[in-house]
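Peer 1: Sequence lines, in order, name chains R and H.
In case it helps, our numbering puts the first sequence at residues 1 to 577.
In case it helps, our numbering puts the second sequence at residues 1001 to 1188.
Source of the hints: derived by calculation from the structure; they are not laboratory data.
Since we're looking at a predicted model, the values are computed, not measured.
Careful: at least some of the hints might be erroneous.
Claimed, not checked - In the DMTMM-like style, the derived pairs of lysine to aspartate or glutamate whose C-alpha atoms are separated by at most 20 Å in a straight line are:
| # | chain 1 | residue 1 | chain 2 | residue 2 |
| --- | --- | --- | --- | --- |
| 1 | R | K511 | R | D382 |
| 2 | R | K332 | H | D1163 |
| 3 | R | K489 | H | D1163 |
| 4 | R | K387 | R | E264 |
| 5 | R | K332 | H | E1162 |
| 6 | R | K332 | H | D1170 |
| 7 | R | K336 | H | E1173 |
| 8 | R | K334 | H | E1002 |
| 9 | R | K327 | H | D1163 |
| 10 | R | K336 | H | D1170 |
| 11 | H | K1081 | R | E115 |
| 12 | R | K148 | R | E75 |
| 13 | R | K336 | H | D1163 |
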Amino acid sequence: MGPTVLYHCSCLSSSPLPPPPHLPSSSYSFHPLHTLFFCEECDAVRCNRCVSIEVSSYYCPNCLFEVPSASVRAEKNRCARNCFMCPNCRNTLSVVPSDPPDNGGASSPIGSLNEPPFFLYCNHCRWDSAEVGITFEKPTGLAAQLQKFEDSAPDSLEFERLKEHSEPFLRASSLSSTIGGHAPAHPSSAAHSHHAHSNSITAAASAALARDIPGVSKYNPLARSTSGRGGSGKDRSKNKDEMPEYRSRVEISKPSATGGGGGEADVELMSHLEDIGYIATLEQRWVNSWVSPLQTHELKPLRIPLHSKRSKRCPACAHILIKPEQKAQSVKYKIKLVAATYLPAITVALPHSQRSSAEAAKRSLAKSTSAAIDDDKNSTSDMQAGKTYPFHLALSNPLYDPIQVRLSVQRMHVSTASSKDGTSSEKARRPPFAISLPTSTFSVAAFAEAWEYEDDEDMFGVDDEELGLKGSLATDGRGKLRTVGVLEKRANVTIIGGEVVIGKEARGNVKFNMLVSYTYRSDDPAPSESNDGDGSSISNLKATATKQPEVKTFAFYTVVDLGHIIPREESRTDLDL
Amino acid sequence: MEPPIYYLKAEFIETDTGNKVSRRATIAGPQNIILGGKTIISSGAIIRGDLRRTGPGHAVVISLGRYCLVGEGCVMRPPYKTYRGNFNYYPMKIGDHVHIGAGSIVEAAQIGNYVEIGKNCVIGKFTIIKDCAKIADNTIIPPNTVVPALSLFAGSPGRFVEDLPESTQDMVEAQTKQYYLRFQALER
Ligand SMILES: [Zn+2]
Ligand SMILES: [Zn+2]
Ligand SMILES: [Zn+2]
Ligand SMILES: [Zn+2]
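Only chain R is shown next, with the shape it has when bound in the complex:
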């Protein structure tokens, strides 16, 4: 891992300030730029932790068949065609005829006889369904052929009964919530979002719940809170009373009688156990929705769980940020508002480690070309306590207009008053390093399609008239250059030099929060309230100007991690060796 830059999402928190970098919560608030979204309506970054999610379609990850959402529940969220998972290793099973594969070589080639019965075979661990007594007369419609086993399982019967029992109650409560006036917030939203969500958060919860638990009715918290008189605690107890008492089909105290195992039977089995392999591992058992056999030799093939494509909405204004194309295997999006098309991308590099790895690469050329580079990177990127290192930040501009950027390091919330003289009492609490960054504003040139031209030979050699100095990435021989400031500009990238002074007693990582604010020319009219189309206003930033350009400022936080500090004692012992 080289040095990293991650971007902050406040996740609708009341404080826009990110947590200090040394707190564990920091890692939950910062994300790689390419995973973030951008809501134009709110002018804010959104992340996967805070967006609301709706399932837009379901498909089987093996046969890639798109399953209509109407049948998803009935099929218990799993593929109802020919797709099964190996209960032993979770690989996908193949259907093979009775002449087993891998036995005869040329004399009985696979597929040449195609003799029933067929069975499911794992070509990774060699498990086969004949072991558990499951064979098929024809090689198609396997799920349907297995349906009767699945339906007659005691847990399945119990679940159906329980569902039946609670159905009237659920229907009544969902009815009352609709009457309560919670019309869908966005009638224009995808026709496929089949749940009429009242707000995006409950929609997300309901989508998540519906996805995870086969056959369970969708979670609808509003059904509870709006059907009664407000006090949710009271409500719940009252509603519970309305339900008639449920009697289970099977007496739970003696499940062994039904063949379900458990209790005394399991104890008996365990006490005579000779090989731990006879017991199915936790992993083999808990991928199931139902109680699954304890013994390895009783494990049944599993229908493959469906996957889903999801739309994502802004949690604040409910505008759509991500809307995939319907086709299951399409990687295109009808709407895709990602942060990378709005915010400058920032990468960080430590010249001292890059230089050494580049040299190492050249040196090792005799042996091989690229393999050595990755290994070298790790060993040279560490920084030693008590030393000063330059670092480079490369900002690239995704906008079609130039931007003016200003960087500032967020002060640690510990006192920095005595940073000059370094009083010993304060030592422990002070940040163990100091960061210098250019304080003035600098520009990053506009993104131009021309840079995308694949055959652009000049990509690496653009003029830097503003600077009067050549790129600093290769300045070994030319004496000392300034390290803090604008170092290089090329295409839509500006490289900024910074410096870190590491304290003598420093430990841990050089990790700091950095505020990036930039101004750009906006062609946006003043935000209008009437704009309610979902995503109809994509890429306002990139639209061509028709009126007087307006300058806007946007600011966001990042956390920069330059890497590990080698404490002094360690580096000393290293030298001794």
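Position chain H with the ligands relative to chain R; hints supplied.
Peer 2: Showing chain H with the ligands alone in chain R's frame:
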């Protein structure tokens, strides 16, 4: 910007369309192999274009799109099976912007666009990998596996781990183009 990756100019043959093929790679049956352009075949790689379907005439055995990378020591071998009593090889088709890490063995039938395969993987016979999928380092994908679009697979056997971000296509496109630009000749 990442630092350049240097190679000795004498080691690589560069074609008109910008493919760079190491002289230390084994290209068997080159007439049956198609490289889309700006594709790099690293040293020690073995590409078995000679394992072609029986029968007369010319056949494409392995095709790779643009901006692909076949890492060092990779083995690319077309899948085979016996169908109706006849043993045969089947073509392997690989899209654009596909990187295959060093030491991996690939017997897939089809690999889409923008796919990343890590180091030391085994991609079993007739595997189908859809667009923008990623296979982590050291993953074993058993034969006939289907890897859906935008999913990360890892482990042995390779299993679904998570969905990849919506911007995967843009990321992989940028990375593979970057890699080609960084891959520079060192004259000596
Ligand atoms: Zn967030
Ligand atoms: Zn399926
Ligand atoms: Zn298996
Ligand atoms: Zn919003």
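Peer 1: List, from low to high, the hint numbers that the structure doesn't satisfy.
Peer 2: Hints 3, 4, 8 not satisfied by this model.
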